[in-house]
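Peer 1: Given next are the chains, with one letter for each unit.
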Amino acid sequence: MQNGHLLELRQVTKRFGGVTAVNRCSLELAPGRIYGLIGPNGSGKTTLFNCITGLEPHDDGEIRYKGERIDGLRAHEVARRGIGRTFQIIRVFPELTALENLLVVTWGPFDEAHRRAQELLRFVTLDRLQNEYAGNLSYGQQKLLEFARILMTDPELILLDEPAAGVNRTLLNELLEAIRNLRAQGKTVFIVEHDMKVIMDLSERIFVLNYGEKIAEGPPGLIQSDERVIEAYFGR
Amino acid sequence: MTFVSLSRTKKTLLAGLVIGLILLAIYPMAATGYGIRFMLQLFMWVALAQSWNLISGLTGYVSFGHVAFFGTGAYAAAILIATHGWHWAPASSMGGIAAVVLALIIGYPCLRLKGPYFAIAMLGLNEVMRVLVSYFEGLTGGGLGLSLPTLYASVQIYYAAGLAAIAASVAAHLIITSRFGLRLMTIREDEVAAEAMGVNTARYKLYAFLISAFIPGVVGGLHARDQGYIEPISVFPLLTTITMIVMALFGGKGTVWGPVLGAVGLFCFQELVWARFLYLHQILFGAIIVFVVLLMPRGILGLVQQRYHLSRSL
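Those sequence lines, one after another, are chains A and B. Just so you know, this note's numbering puts 1166 at position 219 of the first sequence, and the rest follows in order with no gaps. Just so you know, this note's numbering puts 109 at position 83 of the second sequence, and the rest follows in order with no gaps.
Same shape as in the complex, but just chain A (with noise of 0.2 Å):
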C-alpha cells in the first residue's frame, strides 16, 4: 500500500465518443473508512465505479489498489483482489435461489462457503426466503440480497451504487446500520448516493462530480457549503 491510501485515482479520464464522462479525476481512499461520492445526474459516478471495477476501461490516468496498478485487468481479476460492488439497478441473478445467489461468488470449501451464506441472509433477514427464486424477491429484498453478496465475496472495498434508491425507511436504517459495521470491521466503503441525508450522516469525507470532474472534496460540513456543490446541483 502507498502512502496508506487503499485506493488511487490519478487522472483518470473516461470518453464515450465525444462525451467525456470522466475528466481528470483524482482522489485517495485510506483503510476503513466511508467515503461518499455525489453530484448531478450524468455526472460520472457510475462510470467512475465501473472504471475502478474494470467494467469500463478508462481512456487516460491509472488506477492502483494497494499500491499495484489494477487498470487494464479485467472485472473479475479486480473483484477477486477485493474489490466488490453493487449496481444502480439491482443484478441479482433472478433464476438463482437467494441461497444460490451467494453460493456462487465464493470459491472456498463449499460447507464453510454454505454456513457463511446461511449466516449473511439470516443478517439481511432473509433466511426464510434461501430457497425462493430471486427474481421473485420484492424490490427491497433484492437490495439485500445484493448487498449480501457483496459480503459473500469479502472484499476490502465495497463500491455502493445508491444502496438507498427505492428502499423502505426501515430498511434503510437497518442497511445503514450494517455499512457503519462494515467499516467497524475495517473495511473501506464507497457509495454513490442521491439522498442526502444519507450521504452526509454516512460519510467521513465526500468527493463532488460535475460533469466528469471532480470539483470538491472534503467532510460533509464544508461540502455543505461549497459554493462550487451548490451552483452545481441549484445553477447560479
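In short, the hints are calculated from the structure, not lab data. Heads up, the beta-carbon is just placed ideally off N, CA and C, and yes, glycines get one too. All the pointers check out, no bait thrown in.
From chain A, some residues computed to sit far from chain B (all C-beta separations above 10 Å):
1) GLU955
2) GLN958
3) VAL966
4) ARG971
5) ASP1006
6) GLN1035
7) GLU1059
8) GLU1121
9) LEU1122
10) GLY1165
11) GLY1168
12) SER1172
13) GLU1178
14) TYR1180
FRET-style restraints, in silico, Cβ to Cβ:
15) LEU1169/A to MET322/B: 57 to 65 Å
16) PRO1166/A to LEU336/B: 47 to 55 Å
17) ASP1148/A to VAL218/B: 26 to 34 Å
18) ARG138/B to HIS1141/A: 33 to 41 Å
19) ASP1148/A to ARG333/B: 41 to 49 Å
We have chain A; now place chain B onto it with these hints.
Peer 2: Using the frame of chain A, we list chain B on its own:
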C-alpha cells in the same frame, strides 16, 4: 412437500431409473431391428440435446451451429475407420476430441460475441465446416461422401449410444448441481454482474463449450459407423441443430432431465407423426417450436420446477 415425502419421491424416482436402465440393457435381446435402431437414435438425440443444454441452456449462449461438432466428429471417426482401419469405438472417441479441438479454435473468438452475433457466428461455422469437408476431397471424399467398411454392429452401437446418453446426462447432473454449474448460469442471468462478482466468465464459457462439443463429436462418430456412409449434407444439416434446440427447450433448458424428456417426447412424437403424415410432420414440428417459445419458454420441467420449487436436478 415435507422432507420425508421428498426423500421418498427421490427414492422412488431412483428405483424407477435403475429399473429403466436394466430394461434398456436387456432390450436388444427381445427387440426387433427397427426397435434397436429407434432406441439407438433416441439415445443419440438425448446426448445431443444434453450437449446443447450445457452451453446454451446454462450460459444462455444460443448455439445455432452445434451440428458442426456432430459433423466434425462424424468425419474424424469415419476417416480413421475407413482410411486407417481403426475400430469404431476409439474412432468415435477421437471424433469427440476432434470436436473439442474445433471448439477450442472457434470458441475463443466466438464466445466474445453475444446474443444473436454468437448464434450467427455458430451458424456460419457450420456452413464453413460443410464447405471445407466438401473441398478436401482427397481426405473426405468431398460431395461424393465417405463409405465405411460394412459392419453389422447395431447392438454394440446401441450400447455405445446408450452410454453416451447416460454419460451426457450424468455430466449434466454433476455440472448443474455444482458451483461450476451455478457460475455458468450466472453468465446466462447477468454476465456483467457475474464478472463483477469475480467469475471469469470467458474461461467458464469456454469450459462449457468444450464439454458440450465433445458429446456431439462422439455421437457423430457413432452415427457415421451406424450409417456406414456420410456426406456433407447428411452430417451438417441445420435441422439437426434445430431439433436438439427444440428438444432441450421443450423439456426444460438448464435442467438435468429436461433434454431427456424433450428428446424422448419429441422423437417418439416425430416417429409417430412421420409414419402417418409424411408431409404434415414438419408443420407440426414447427408448431411445437412456436408453442414452446410463446407459451412455455421454460419448458415442461422448468415450469414444474418453478411452480413446485423443485431442484434443477430433479
